[in-house]
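Residue numbers (our numbering), protein chains in the order written: chain A, 1 to 328; chain B, 329 to 701.
If you are wondering where the hints come from, they were derived from the structure by calculation, not from laboratory data.
Think of the CB as a built atom: it goes at the ideal place given N, C-alpha and C, for glycine as much as any other residue.
One should not assume that every hint holds.
[Said to hold, decoys possible] Pairwise CB distance ranges, derived in the manner of DEER restraints: (1) B:430 to A:55: 54 to 64 Å; (2) B:529 to A:130: 42 to 52 Å; (3) A:324 to B:555: 28 to 38 Å; (4) A:55 to B:660: 52 to 62 Å; (5) A:207 to B:529: 18 to 28 Å; (6) A:144 to B:640: 26 to 36 Å; (7) B:458 to A:207: 56 to 66 Å; (8) B:693 to A:319: 33 to 43 Å.
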Amino acid sequence: MQKMGKRALREVGKRIGHKTRLEREARAFVNRRRFKNDGFMILTDACVIDGSREHRTGIYAYGGCDLDAIVPAGRELRRQVAGLTSVVHVGDIAIGRSDFILQGLESPPAAEHIAEVSELLNLDDDHFAARLFEPNFTVPNHGDLGEFAKNVVVLSIAPDMVRTMYRHREHGYLLDPGGFWLGSDMATVLGDLDKVKWFAANFKKLGRIKVEDALANFERIISLLRTRVGAEVLVANALVVDPGITTFDYRLSHSPHTSRRREFVLGLIDLSRKLDFPVLDIDSLTKRDGVSGMGDFVHYTADQRLTIGRHVAETLVRTGMVPTRTHA
Amino acid sequence: MDHTAEVVLTQSADIAHSIGAPGLMEARLAAVGSEAAVVREPGARLDVIAQRLAAQGEIPTIDVPEGIAPWFATQFTTQLGGPNLALGVLSVRDELVARVWRHRTEGFLVQPPPNLEVAWNETQRGWLESSFEPTPAPSADQSREALRSVAALAAKPNVLVVFNVSTYDPGGVRHDFAHDVYTVLAHRLDLMLERVAADVGFAVIDVDRSVAEFGGARAVTEPATYADEASAVIAEDAFTAIDELGLEGMSLSGDVMRLDVPAYDRRTTVGRIDAWHVAPGADVERGAPLFDLTFANLVHRLDYAARKTNRSMSLTVLAAGSGRIAAVAVGDGTEVAVGQTVGVVTKDASVQSPDITELQEGAPPFRVGIRVK
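Okay, chain A solo, but in the shape it has when bound (with noise of 0.2 Å):
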């Protein structure tokens, strides 16, 4: 059934195009199919459990890519979750950042405002809408299993270490531009010279936020999001080296990657000492294994995924924070 589906969908794609909303559809049917058959499916970026439906779980990932690896906890948790189960990966390295993730929420820009940046950069209509602070989700394309409370909410620190943000000269609110990771020049983003030209007319470049900055933002958006949403916290760091780069010779740099993703993870393992909350300690979880499969820091092998998955539902699970069969 399954290989069966996964042909079909690529025929569907050849024929109907890919990323159609037909196409769409027909991936949820097929999803659907199996989810029927077999009580789970795992898809790019959601994973569900089936169960009852009295019980409801939803673990909600918001922010970079380094969090799509959050999604194979799923597979992990199949046997041990009460109730229906949703893992959801929502948004990308853009809208990851603690201070853009506060302005959806605390100075949402209008509308007007948007209009033009929105279409020359092809964002979608909520990107600066506060997403993470509604209190339910539904699972992308599946919208047929109801909503889930966010009862977890997983957040990372990997956009804050790394991400440059830009703000409107005139309207004053942020935008980080995307772009494929941190190798992409705006040119490649922007993808033509005069929308450089327009973007350097009406964005001032912010560079990266500050390490004490970015924590005190944690700090709000994780209090936020137990008094707002009443979700528990998990937040992961990310790995500290450079895979593939000997990097030795620090006279030549007071402000080494290293060092300020070192000091990024010291400071969160302070900020859950004091606001109480679990960290998914990704540095270590990719060391135990070996870094040299990975591309960058935060771009994770399979393996890896599985690793990450797998010690993420462990957490959940010793830490009460997802219900188990035996305590449901």
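Starting from the structure of chain A, add chain B where the hints point.
This is chain B only, laid out in the frame that chain A set:
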């Protein structure tokens, strides 16, 4: 370099098992025609090393039990402050694991050997316990001050290199950091080292990265203690780092390196070289594409029970350092296994190009990176 030049290795366990292993540094120096002498000193906490530098060989006159006077003298002597220092190698490892004692009246420090129970007899241990009191492990701030003192007292701080520590704790990965567990202490120490290194001008041997690449589960036997195989990798990384510092007479990394087929992850075992981007004789810099590789029939990523899929992965293998392609062993379209040596890279054009069959056992690997297509 004149004949009195000295390489001083403070033999903390991480150094002693890697570049400080018996004969290794001597062999590397001989291979590059250096006549520098290798001096091995006991490894120590940074405050003890600072004390050695400050004492300049002036040993306190107290009664020392028979048999340990030579050890006692080492607490107050070092060649790190000497004018002929060509390279000094230190480690921050002992900040985490060593036990240091302070003399109850004179205030100086001593660091007994780690295997105290075995190495010393009852009289010697009794002397230690009656004349000295144990000191607590230093905080990162105290280690920073000690490291700054070492830098200030060393004759040539710019020829010092310092090993950091792996933060990986073989005791397990935690989610609860309510207490200062090993991982937290190691991160603090490494951060301290990076900051001081930037200010003062040390080079750092990034053991944390070497161990991470190797895989902490195999590399770390106890906190900040590394298995033999991992220590060999740390040694090669250290030699490369020392090389790149460009210290006079300190060209220590391998002149001849093997070029191996890298793995991407556990799914990849056997692949095919689609095309070489370089030919023998080509000079490559960091980032240069070396060859294209395709792994077909990847095993299933969620089920490793030898279940193969019809998926494949294509990637380009990139040079992670510079060198000259001396030999290529297989042609385009050849099936290769992960770890198979498919070429030879020499450091530069001055090195005699060996045939791959003549590649010496134990030749270091040429570092490569991967770009997935």
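To see whether the hints hold, each was checked on the structure:
no., hint, result
1, B:430 to A:55: 54 to 64 Å, "holds (60 Å)"
2, B:529 to A:130: 42 to 52 Å, "holds (47 Å)"
3, A:324 to B:555: 28 to 38 Å, "holds (37 Å)"
4, A:55 to B:660: 52 to 62 Å, "holds (57 Å)"
5, A:207 to B:529: 18 to 28 Å, "holds (27 Å)"
6, A:144 to B:640: 26 to 36 Å, "holds (35 Å)"
7, B:458 to A:207: 56 to 66 Å, "holds (59 Å)"
8, B:693 to A:319: 33 to 43 Å, "holds (41 Å)"
Consistency note: the structure conflicts with none of the earlier hints.
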